[in-house]
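**Q** Now for the letters of each chain:
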Amino acid sequence: QPIQMENPYKDPPKRCVLCGINVDYKNVQLLSQFVSPYTGSIYGRHITGLCNKKQKEITKAIKRAHVFGFMPVMFKNPQFLTDPKLCNIKY
Amino acid sequence: KPETAAVLKRTVQALMEKGAIVRNLENLGERSLPYKISKHRERHKRGGYFLIDLEAPPSIVSQMMDHLGRDIDVIRKAFVKHPVAKAEECSGMVPVSPEEKLSAKKN
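These protein sequences, in sequence, are chains A and B. Reading the first sequence from the start, the letters are residues 1 to 91 in the numbering used here. Reading the second sequence from the start, the letters are residues 92 to 198 in the numbering used here.
Some clues are possibly wrong.
Unchecked claim - Every beta carbon over 12 Å from chain B, so not counted as near; a handful from chain A, in silico:
#: 1; residue: Gln4
#: 2; residue: Val73
#: 3; residue: Pro84
What the hints assert, rightly or not - A short list of chain B residues far from chain A (calculated; beta carbon distances all over 10 Å):
#: 4; residue: Pro93
#: 5; residue: Ser150
#: 6; residue: Met156
#: 7; residue: Asp162
#: 8; residue: Ser182
#: 9; residue: Pro189
Unchecked claim - Here are the simulated DSBU-like cross-link-like pairs (lysine-lysine), alpha carbons at most 35 Å apart as the crow flies:
#: 10; chain 1: A; residue 1: Lys63; chain 2: B; residue 2: Lys127
#: 11; chain 1: B; residue 1: Lys92; chain 2: A; residue 2: Lys26
#: 12; chain 1: A; residue 1: Lys53; chain 2: B; residue 2: Lys168
#: 13; chain 1: B; residue 1: Lys172; chain 2: A; residue 2: Lys26
#: 14; chain 1: B; residue 1: Lys168; chain 2: A; residue 2: Lys90
#: 15; chain 1: B; residue 1: Lys172; chain 2: A; residue 2: Lys60
#: 16; chain 1: B; residue 1: Lys130; chain 2: A; residue 2: Lys26
#: 17; chain 1: A; residue 1: Lys53; chain 2: B; residue 2: Lys92
#: 18; chain 1: B; residue 1: Lys127; chain 2: B; residue 2: Lys109
#: 19; chain 1: A; residue 1: Lys56; chain 2: B; residue 2: Lys92
#: 20; chain 1: B; residue 1: Lys127; chain 2: A; residue 2: Lys56
#: 21; chain 1: A; residue 1: Lys56; chain 2: A; residue 2: Lys85
#: 22; chain 1: B; residue 1: Lys192; chain 2: A; residue 2: Lys85
Derived by calculation from the structure, the hints in this document are not laboratory data. Glycine included, every Cβ here is placed at the ideal spot set by N, Cα and C.
All chains, full assembly: derive it from the sequences and hints.
**A** Below you can see the structure in the form of C-alpha cells.
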C-alpha cells in the first residue's frame, strides 16, 4: 500500500535576490541598482525578478529617497554606475 | 559648523518642549545634494543629513513640520515611521497557480 506523503524530491522555494535583506531608503547604492542609468526610472518586476513584497518595498524606498533628497530622480548616481548587474536588462 | 550645531540644538529643544523623547541623533554625513534644491530664496547644492530617533505623540508631527518650515537653515524635513523589523520570515517565492492569478484583485 503506498504511503501518502509530501513530495520528498521537491526543490526548496526559489528565492529572489533580496530575500532576507532589509531594504532601507537610506542605502542609496542598493536602490540605485534597480534604476535605469539613463532615465532614472524604476525597473518593473519582469526585469528585476523580485518577489511581490520586495518589489513593493523597493519602489516605496526609492520614492522616499527621491523626496528626501538621497537619490537623484532623472538619472542614476554616477558613483554607482559600475555596480554588479542585478536586473536582466539589455541596453 | 557651529551653525549646524545651533540648528540641531534648536530642533531638539523644540521637540522636547512639545513632549517628544529623543532616543538618538545620527549624522549621515555632509554631501552634495542629488539635485539642486531651492528653499527660502536660495539654491542649495550641498547639505548635511541628520537622523533623529524619537518617540512622540502623532499630534506633534504637523506642529514640527510648521516649525521646521520656518527655520531658514533647514532645507528639507520629513517624518518617517520606525520600520518594524519583520524580514526574518521571508520564505522565498511561492509559485502562484494560474487560477489564483486569475482571481487575484487587479489594483
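**Q** Take the hints in turn and mark each one as holding or not.
**A** Tested hints:
no.	hint	result
1	Gln4	holds (21 Å)
2	Val73	violated (7 Å)
3	Pro84	holds (21 Å)
4	Pro93	holds (23 Å)
5	Ser150	holds (23 Å)
6	Met156	holds (14 Å)
7	Asp162	holds (16 Å)
8	Ser182	violated (6 Å)
9	Pro189	holds (16 Å)
10	A:Lys63 x B:Lys127	holds (17 Å)
11	B:Lys92 x A:Lys26	holds (23 Å)
12	A:Lys53 x B:Lys168	holds (28 Å)
13	B:Lys172 x A:Lys26	holds (14 Å)
14	B:Lys168 x A:Lys90	violated (38 Å)
15	B:Lys172 x A:Lys60	holds (13 Å)
16	B:Lys130 x A:Lys26	holds (22 Å)
17	A:Lys53 x B:Lys92	violated (41 Å)
18	B:Lys127 x B:Lys109	holds (32 Å)
19	A:Lys56 x B:Lys92	violated (39 Å)
20	B:Lys127 x A:Lys56	holds (28 Å)
21	A:Lys56 x A:Lys85	holds (20 Å)
22	B:Lys192 x A:Lys85	holds (29 Å)
Checked against the numbered hints above, the structure violates hints 2, 8, 14, 17 and 19; every other hint is satisfied.
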